[in-house]
Amino acid sequence: MVIEAQPRSRAEDYLRAVVSHDADGAIVVDQSGTVRFLNRAAEQLLNRHGAELKGQVFGFPLVVGERAEVEVLRPNGEFAVAEMRVLSIEWEGQDALLITLRDVTFERQAEAALRDAEAFSFAILNSLSSEIIVLDEHGKIVAVNEAWLEFGRRQGVTDLTTIGVGADYFALCAAAGPGTGGPECLQGLQAVLAGKLTDFTYEYPVHSPQGTRWFALRAVPLRGTRKGLVVAHNDITEQRRAAQIAAEAEMLREQVRQMERELVNVEAISHPEEMVRSRLEPLRQRDPERFQDALKRYGELLEAALASRVHRLPAPSRSLRDLGEWLGASWAAPRDLIDIHLQAMRDRSQYHTPKKLQAYFEEGRLLLLELMGHLASYYRSIAAGEVSSRD
Amino acid sequence: MSKIVLHLYIAGQTPRAERAISTLRQMIEHDLAGYDCELTIIDVLAHPQQAEEQKILATPTLIKSSPLPYRRVIGDLSSVKDLLNVLNLPPQS
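Here the protein sequences line up with chains A and B, keeping their order.
Note that the first sequence covers residues 4 to 394 in this note's numbering.
Note that the second sequence covers residues 163 to 255 in this note's numbering.
Hints in this document: simulated from the structure, not taken from any laboratory.
Predicted model only: the values in this text are computed from it and were never measured.
Ideal Cβ placement from N, Cα and C applies to all residues, glycine included.
A portion of the hints provided could be inaccurate.
[Unchecked claim] So, partial list: chain A residues that the calculated Cβ filter (under 8 Å) puts toward chain B:
1. D33
2. A54
3. G58
4. V75
5. G80
6. L90
7. I92
[To be verified] Computed far set for chain A versus chain B, every beta-carbon distance over 12 Å:
8. L48
9. A71
10. N79
11. A85
12. G155
13. S352
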């Protein structure tokens with residue numbers, strides 16, 4: 004492995020002894036880059052015999068700063084990543100360069116694996132539609148997903164650093180002030196962080212020019228060695244709206260049941276046989292044409308009611324009374340009225356915004372109750388003998 | 163004046179390789195703009211046989227086969243000034 008040239012000095016002997024036993028690969032090249040010496044570690048790193056490399060051009064090493072990284076190629080096609088340092092020396096009486104190569108393949112692979120894992124974690128975070136932030140033990144944001152930043156943009160946040168990584172989420176909650184839910188959230192998040200709660204959920208409204216939307220915040224502890232919290236925000240406006248509609252529908256059903264009981268009593272007094280017949284089959288099946296007429300008239304009244312609400316005009320109550328009597332003459336039962344009402348709502352649900360649908364629902368509920376009242380009045384007058392015949 | 167012939171050996175599209183390519187393109191377009199210059203890039207992962215024939219031991223390696231003297235450089239190829247110095251370029255007429 005040694006090309007004999009000039010008599011070696013004592014200093015060179017020492018240097019040769021040191022590099023020969025160095026754990027890092029050491030290659031001595033002359034000014035043309037030709038190999039003059041290499042140690043055992045270099046042979047192992049290159050997976051080649053020293054004799055094979057003797058006199059071969061390795062290359063003139065260029066390093067900017069202290070070190071450079073290179074891929075060291077092996078005969079089997081594999082390669083290692085090495086950190087290369089270069090030192091000017093005198094070797095066999097001539098100017099030479101000592102190249103040391105430290106195998107950093109494992110470190111670089113570990114770093115790459117770490118980067119991959121990090122990228123994978125972020126890919127998962129970004130794939131979730133929930134707005135997610137990760138907080139450290141002091142309430143500082145250490146990670147956010149794209150949905151969270153998008154939420155910020157929609158809320159008109161121009162400087163995303165105020166809600167991004169590095170921002171103090173606890174301070175944001177505290178600054179939100181009483182009545183906003185901020186202090187309650189802060190208390191809950193701190194309780195989870197302290198281990199007093201296993202998780203924390205809080206529902207809060209966000210007001211914007213487009214309307215109020217509701218969000219549910221859910222915080223769970225960060226699992227692993229680092230202390231912190233994962234906070235997910237979910238838009239629950241639709242669920243809340245559905246729950247509200249369901250509650251209103253239940254209330255409506257109860258009112259209708261009450262009215263139905265009243266109507267049954269009134270009907271029983273007037274025409275018991277016909278009442279029994281009318282209760283057997285819904286109007287929709289019994290007389291589809293009349294059902295469609297009723298639906299059309301009810302729809303027109305609903306639109307008129309909504310317009311009167313918007314433009315503050317008097318409601319067309321006379322037409323509603325007429326419809327109630329017309330339905331009464333058709334032996335319509337309360338469930339037929341509900342059927343008509345729900346069909347009218349379904350017809351509108353396809354074409355209107357949630358806000359307008361809500362208005363239809365509110366106005367429709369009042370209209371339906373009023374219509375029920377007219378139907379009840381009609382049956383009462385039948386019972387009292389004021390109306391003697393039906394169509 | 164003979165053509166400047168350069169061969170760059172890289173091992174895949176690593177940041178090191180991309181930096182070397184960028185430096186060489188800059189060198190050719192600016193510092194060697196008035197010279198007939200040819201640069202060939204060889205990926206040793208795709209062409210291991212060429213690397214073995216040329217006895218390439220590490221990447222990135224840059225070989226200047228013309229004009230003489232033949233030069234082979236390895237390591238950090240991000241400094242145009244250092245490269246020109248080591249490769250003896252531009253050629254002295």
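Exercise. Would you say S352/A is clear of chain B, with no C-beta pair closer than or equal to 12 Å?
Worked result: Non-interface label stands for S352/A: nearest chain B Cβ at 54 Å, farther than 12 Å.
Exercise. For the hint on D33/A, does the least C-beta distance to chain B fall short of 8 Å?
Worked result: 12 Å, violated
For this session: Hold the hint about A54/A up to the distance rule: shortest CB distance to chain B must be less than 8 Å.
Result: Check failed: Cβ of A54/A comes no nearer than 14 Å to chain B, outside 8 Å.
Exercise. Taking the closest pair, is the beta carbon of L48/A still more than 12 Å from chain B?
Worked result: The assertion about L48/A is violated, with a minimum of 10 Å to chain B.
Exercise. Holds or violated: is the Cβ of I92/A closer than 8 Å to a Cβ in chain B?
Worked result: 17 Å, violated
Problem set entry | Interface hint compliance - G58/A to chain B, C-beta minimum distance less than 8 Å | 11 Å, violated
For this session: With 12 Å as the threshold, tell me whether G155/A passes as away from chain B on beta-carbon distances.
Result: Holds, because the least Cβ-Cβ distance between G155/A and chain B comes to about 32 Å, which exceeds 12 Å.
Exercise. Per the stated criterion, does the least C-beta distance between A85/A and chain B lie above 12 Å, as a non-interface residue requires?
Worked result: 8 Å, violated
Exercise. When the nearest CB of chain B is found for G80/A, is that gap smaller than 8 Å?
Worked result: 5 Å, holds
Problem set entry | N79/A and chain B, when compared Cβ to Cβ, separated by more than 12 Å | 9 Å, violated
Exercise. Just checking, A71/A versus chain B, shortest CB gap more than 12 Å?
Worked result: Violated, since 4 Å does not exceed 12 Å.
Exercise. Regarding the hint that L90/A lies at the interface with chain B, is the smallest CB-CB distance below 8 Å?
Worked result: At about 13 Å, which exceeds the 8 Å cut-off, the nearest Cβ of chain B leaves the hint on L90/A violated.
The earlier numbered hints that this structure contradicts are 1, 2, 3, 6, 7, 8, 9, 10, 11.
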